[in-house]
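Q: So the sequences go chain by chain: A, B, C and D.
Using our numbering, the letters of the first sequence correspond one by one to residues 2 to 259.
Using our numbering, the letters of the second sequence correspond one by one to residues 2 to 259.
Using our numbering, the letters of the third sequence correspond one by one to residues 2 to 259.
Using our numbering, the letters of the fourth sequence correspond one by one to residues 2 to 259.
One or more of the hints may lead you astray.
Unchecked claim - EDC-like mimics (lysine to aspartate or glutamate), calculated; alpha carbons at most 20 Å apart, straight line:
{"#": "1", "chain 1": "C", "residue 1": "Lys134", "chain 2": "A", "residue 2": "Glu142"}
{"#": "2", "chain 1": "B", "residue 1": "Lys134", "chain 2": "D", "residue 2": "Glu99"}
{"#": "3", "chain 1": "B", "residue 1": "Lys3", "chain 2": "B", "residue 2": "Asp50"}
{"#": "4", "chain 1": "D", "residue 1": "Lys3", "chain 2": "D", "residue 2": "Asp77"}
{"#": "5", "chain 1": "A", "residue 1": "Lys134", "chain 2": "C", "residue 2": "Glu142"}
{"#": "6", "chain 1": "D", "residue 1": "Lys3", "chain 2": "D", "residue 2": "Glu142"}
{"#": "7", "chain 1": "C", "residue 1": "Lys3", "chain 2": "C", "residue 2": "Asp52"}
{"#": "8", "chain 1": "A", "residue 1": "Lys3", "chain 2": "A", "residue 2": "Asp92"}
{"#": "9", "chain 1": "D", "residue 1": "Lys134", "chain 2": "B", "residue 2": "Glu36"}
{"#": "10", "chain 1": "D", "residue 1": "Lys3", "chain 2": "D", "residue 2": "Glu53"}
These aren't lab readings, by the way, just hints derived from the structure by calculation.
Spelled out, the chains give:
Protein chains: 4
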Amino acid sequence: MKIRVRADLVYRFDPPTDAIYKIQVAHWPGQTVIEESLTTTPEIDFIQDEDEEFGARTLRAHLSGEVALTYQAVVDNGVLKGLPPVTVQHDWNDLPAEVLTYLNPSRYCPSDQFGRFAERTFGGTIGGDRVLKILEWIRAEIDYEPGASDSETTAARTFIDRAGVCRDFTHMGITLCRASGIPARAVSAFAHQLNPPDFHAIFEVWLSNGWWLVDPTGLAPVEGLVRIACGRDAADIAFLTTQGSCQLVRQSVTAEAV
Amino acid sequence: MKIRVRADLVYRFDPPTDAIYKIQVAHWPGQTVIEESLTTTPEIDFIQDEDEEFGARTLRAHLSGEVALTYQAVVDNGVLKGLPPVTVQHDWNDLPAEVLTYLNPSRYCPSDQFGRFAERTFGGTIGGDRVLKILEWIRAEIDYEPGASDSETTAARTFIDRAGVCRDFTHMGITLCRASGIPARAVSAFAHQLNPPDFHAIFEVWLSNGWWLVDPTGLAPVEGLVRIACGRDAADIAFLTTQGSCQLVRQSVTAEAV
Amino acid sequence: MKIRVRADLVYRFDPPTDAIYKIQVAHWPGQTVIEESLTTTPEIDFIQDEDEEFGARTLRAHLSGEVALTYQAVVDNGVLKGLPPVTVQHDWNDLPAEVLTYLNPSRYCPSDQFGRFAERTFGGTIGGDRVLKILEWIRAEIDYEPGASDSETTAARTFIDRAGVCRDFTHMGITLCRASGIPARAVSAFAHQLNPPDFHAIFEVWLSNGWWLVDPTGLAPVEGLVRIACGRDAADIAFLTTQGSCQLVRQSVTAEAV
Amino acid sequence: MKIRVRADLVYRFDPPTDAIYKIQVAHWPGQTVIEESLTTTPEIDFIQDEDEEFGARTLRAHLSGEVALTYQAVVDNGVLKGLPPVTVQHDWNDLPAEVLTYLNPSRYCPSDQFGRFAERTFGGTIGGDRVLKILEWIRAEIDYEPGASDSETTAARTFIDRAGVCRDFTHMGITLCRASGIPARAVSAFAHQLNPPDFHAIFEVWLSNGWWLVDPTGLAPVEGLVRIACGRDAADIAFLTTQGSCQLVRQSVTAEAV
């Protein structure tokens, strides 16, 4: 599916501070960047890196004053398919060593505390079936409600609050999958048909020898997702990280099928 | 320095469960394994892996009943030196991309909550000087007290409790370094002259273009440390991780200069 | 119902410390103390108080070394009846001013965080019906498991862990009732037929112009409960509170119908 | 000191909800209400109560739509004096039974977690001297910063964040006093010379056979404080509590010497 994505970010960095953007489309197998452009006002000489494991790209600079950044790309995101229930769950011993990390608890996903709940609630199921049951539970039990959470909200808190946004849904999903013995990690993305349009947080699970993308909010079809960055949870995939504070001036993000 | 290390671990896995040991000496630049052996009773056919980034080695198997594991090695750990105060701290923009991850908060190190405290308390210092001030603060303010913490204790909790063991000291140190803009990560080790002898948790910071090991407890000299595993915090470096529960029968760990 | 209760508590207070026991049967309307005795070895000259609101009695002293305390009583606990579903829930405006306090969150019962969950889960019900639904939920969703919690465990944590003892069940019940607009408070008690016998923690709710006792564990019949102390949560009703630490030597508690 | 106080509160209750105001000057020994008036638009028929222990007064009603409330009073608050360092601290056994409650941890004041810190930091001092040392520590270590905390912030969190408002300073002070064996409780007040003027949260400690008011922020002189309500922490003294949500339209609070 060919998708045109665009992000306009205007932030004020006052006092000046180090900043890292993760907004460019990832170089990821099956996902092809057909064209892209990046412009800023004023002009910024970014340090550009690409993560070897995820193909995630970062832009770093010491920024001051108001900085307007526009990123555009046309991407073929390949053929992404929803997770089938029959997907196989592996024993720890059959997992590739490099995915074991994604069984560990992380800042926003204290999966070590959810073993009993996961077993009680999803105990009769494994693999793709279990992930789908987890997604079903999240959609039934958590309200999508902007403003109900903030940048410190963990899955433990969302579990109590029963409300959050895509980031919280993703943390809840990752937590319950890891607690179920299924490797899971966070992905940031552009999302076709997400309404209102914005950066999206989703996650992927390791089953049947591959990573499968799922959207716990159900707000955007998997087919229309364009990967940006990947990591253990929101701590790793924020689209803008700064050492000091910064102020949002305005922001818009779009993703449209071409 | 040549060091003979030995770990005897006897655990009971009942009911049977998947288990991962991280107890072998790492393959790490400057650290040479001169000889080593691994035996178990009963015999276990482990899946053995080695992490590319850290040279950390894992032993995986599905275990049942009582399993006694003995690991021995003679290691030359090279020349490890204490951190000098003059060590230079890098701006974010001067850091290698691959160490940026170790600025992020993690399960046991919520560094995002400690920015104000770090600035208030260590604000006039940077680099090696700052890390040494952090270590000084930890040794003055936190009591080394076995039993004061458990496997869920975070640095936020230790900061309140003012007591813990090497794992907690390490989490506290990592948290304050990351909150100070210094990449920091957890390391498990054998430690010469650690008393009582046990696996040790320490951490390392990225300064002056390299990782420097520090022991926040001050219980073992840096010169006598032998690396095992490395990661964001205790979630990544546990010497034994199991999917279900397991029972300690007995355990001893030693490290002696040859 | 006539019940003979007995508590034998042997603790060591080393170093010496101030201590408060709340173990005597309360002077409470409908509950009659027929006979009672209190002996200690060595002899202790306790300061004895009785709380005006609850008829709860406290024994205070500065204690040192091993202290063995035996309390015995025969009590007629009157006619305690289980909560009928038809019990009426009052609007805030119809509540007596003095019960409003029991709508507030407390140390172990952060009811302010559970409003959405309570409404989502028990939303269609009010009054006695709602309390019974809450008890049903607790018994279905929380495992009674000694060792799963400790003296710092809050209802927020039990909600995640899905396991605990009578104290945790009581905190969970109080939290969900307060979050539902129903005043609730903790009660310590001797409990006929509790197995294994021990001090019991239960709670009571204000409905239909009176307090109704409920046992969220379902382990002891309401008819056989003998009140000791009452308060917002475990912080107020502990059978032994000390300023420093103390060591359990042995303890036994019994309650038998006469 | 004669003080004229005034509170203008305009809130919107949509959907309608039960509400409790605690804004009237307390009937408290030494504090005399010379004149007062309460008006609302529209007219509301409040249920009015007065707490026996604290002389705190509550206004309750089921409210809908926009409600403007104006309360005015002229009060002689008597002669309030700052706490002298020589004030005596009592052993538990010398405390009146009714103040023991204020040694217990509460929703926002988990004093049970701060014993070690209190002893380490204030260990050489007792009584008035210790309370003054605690106040000095708070003023040196916590920044007064509106927006740094919210209605769920506990003293444990403020201890980490090192920032907050009067409510947080009060919770921090209560927590450290209780952890030091000194009964402490929260008080809401009008405060002469508070800038910017607002409702104020302070606390009082039991020493030398009486309660002594202290202002941990140091923003208002003790002499100019006019008591409103009292309790364990902010959960008990909020000036407006509602069962559902409500929306602030505008609010102003003043206190001026006559």
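Q: Taking the hints in turn, state whether each one holds.
A: So, going through the hints one by one against the coordinates:
1. Lys134(C) - Glu142(A): 18 Å, holds
2. Lys134(B) - Glu99(D): Violated, because 46 Å separates the two Cα atoms, which is more than 20 Å.
3. Lys3(B) - Asp50(B): 25 Å, violated
4. Lys3(D) - Asp77(D): Measuring from Cα to Cα gives roughly 4 Å; hence the hint holds.
5. Lys134(A) - Glu142(C): It holds: about 18 Å lies between the C-alpha atoms, which stays within 20 Å.
6. Lys3(D) - Glu142(D): With a Cα-Cα distance of about 34 Å, the restraint between Lys3(D) and Glu142(D) is violated, given a limit of 20 Å.
7. Lys3(C) - Asp52(C): 24 Å, violated
8. Lys3(A) - Asp92(A): Outside the cut-off at roughly 37 Å; violated.
9. Lys134(D) - Glu36(B): 58 Å, violated
10. Lys3(D) - Glu53(D): 24 Å, violated
The earlier numbered hints that this structure contradicts are 2, 3, 6, 7, 8, 9 and 10.
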